[in-house]
Amino acid sequence: MGVHVYCVVPAGFGPPDGTRGIEGEAVGFGDAGMVGCWMSRHDSRPAPTAESIRVHNDVVKAGMTDDVTPVPLRFGQWFADADTAVAEVGSDAERWRSLLAGFAGFVEYGIRVRYAMAAPAVSAVRVVRPGPLTSGTAYMAALAKREADAADRRRDAERAAAWIAGRTSAIVRDSRWEAGRGVDVVAVAHLVARADTGAYRSAVESLRAERPEVSVMLTGPWPPWSFVA
Amino acid sequence: MHDRPLTPEEELSLAELVNRVLDKGAVISGDVVISVAGVDLVYLGLRLLLSSVESMRGRLEPGGGI
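Chains as they are written, first to last, in this note's numbering: chain A, 817 to 1045; chain B, 139 to 204.
No lab work stands behind these hints: they were computed from the structure.
Just so you know, even glycine gets a beta-carbon here, dropped at the ideal spot from N, CA and C.
Do not take every clue at face value.
What the hints assert, rightly or not - If you want a taste of the chain A side facing chain B, the calculated C-beta under 10 Å gives, among others:
| # | residue |
| --- | --- |
| 1 | VAL821 |
| 2 | THR881 |
| 3 | PRO1040 |
Said to hold, decoys possible - To be clear about the criterion: a stretch of chain A counts as covered by chain B if any three or more of its residues have a C-beta under 8 Å from a C-beta of chain B, and this derived list gives those stretches:
| # | region |
| --- | --- |
| 4 | 830 to 841 |
| 5 | 860 to 870 |
| 6 | 885 to 893 |
| 7 | 1031 to 1038 |
Chain A extracted, bound-state conformation (with noise of 0.2 Å):
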């Protein structure tokens, strides 16, 4: 036996009744003192399945209000009962109350920027290995070649970021962006009050209409799972 923790909330914060978890066992509030966490007992620690995955998204997402917006925690962190999680959780009290005061009110968005045609090479995101016919000068070339192919990306992802940054930066209180692979371009990670909603979704369609050679795919509200570090 164990138990699964999903989010870290304000003090008393308890989950919804019904709230049902991963395996559908019921997640309960822990008292942590000046905060307190939700989590659900499991005989054993769960697996990362898809639906596994997506219900602890939707626990998180079931204690966003207009006022709270829990610190979600990633997906793993097993204790072996109750009482050694939210002694780990009050530990840390001040951390997790300055991530609540400065997530309230406010929700996650993704964009993400894809090459709308034809896929650009893949041979930046691929692992280049000597085979027993591949001479030595051939193995350099392959890798020299995937070096500058890597480095256009990053140029690319770069300029994506900068031209999101410059329609969205007025809006948005954070962001975040990493390289993408395949045929993304960028992913970008934005926190938004919820209140500015509306105007961040209308800058998104303004980056659409200005550039139609490239996928720009909005995803979200989420719980701010990018924001935490």
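Knowing the structure of chain A, use the given hints to seat chain B on it.
For chain B alone, coordinates are given in the frame of chain A:
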């Protein structure tokens, strides 16, 4: 259980979901451990895990070196 392939929108949503729930989010203490096929893995980051899959593909391809 649905056998139909995912639409591009569903694929995107799933990718965004997995990337966030497994690779982002706060850590209470110590290492995050996930178990795949009954094997516990100390979690080091989704990108590293994906790189491992990519490496495996490279090794399995003809002329891939192994």
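Hint check results:
With a least beta-carbon distance of about 7 Å to chain B, the hint placing VAL821/A at the interface is held under the 10 Å criterion. For THR881/A, the interface hint is violated, since its Cβ never comes within 10 Å of a Cβ in chain B; the closest pair sits about 19 Å apart. Because the beta carbon of PRO1040/A sits about 9 Å from the nearest beta carbon in chain B, less than 10 Å, this interface hint is met. Here the region 830 to 841 of chain A counts 0 residues with a CB under 8 Å from a CB of chain B, which misses the bar of 3, and the coverage is violated.
For the region 860 to 870 of chain A, the stated coverage by chain B holds: 6 residues have a C-beta nearer than 8 Å to a C-beta of that chain, and at least 3 were required. Counting residues of the region 885 to 893 of chain A whose C-beta lies closer than 8 Å to any C-beta of chain B gives 7; at least three are required, and the coverage claim holds. Counting residues of the region 1031 to 1038 of chain A whose C-beta sits closer than 8 Å to any C-beta of chain B gives 3, which meets the bar of three, so the coverage hint holds.
Violated hints for the displayed structure, listed by number in ascending order: 2 and 4.
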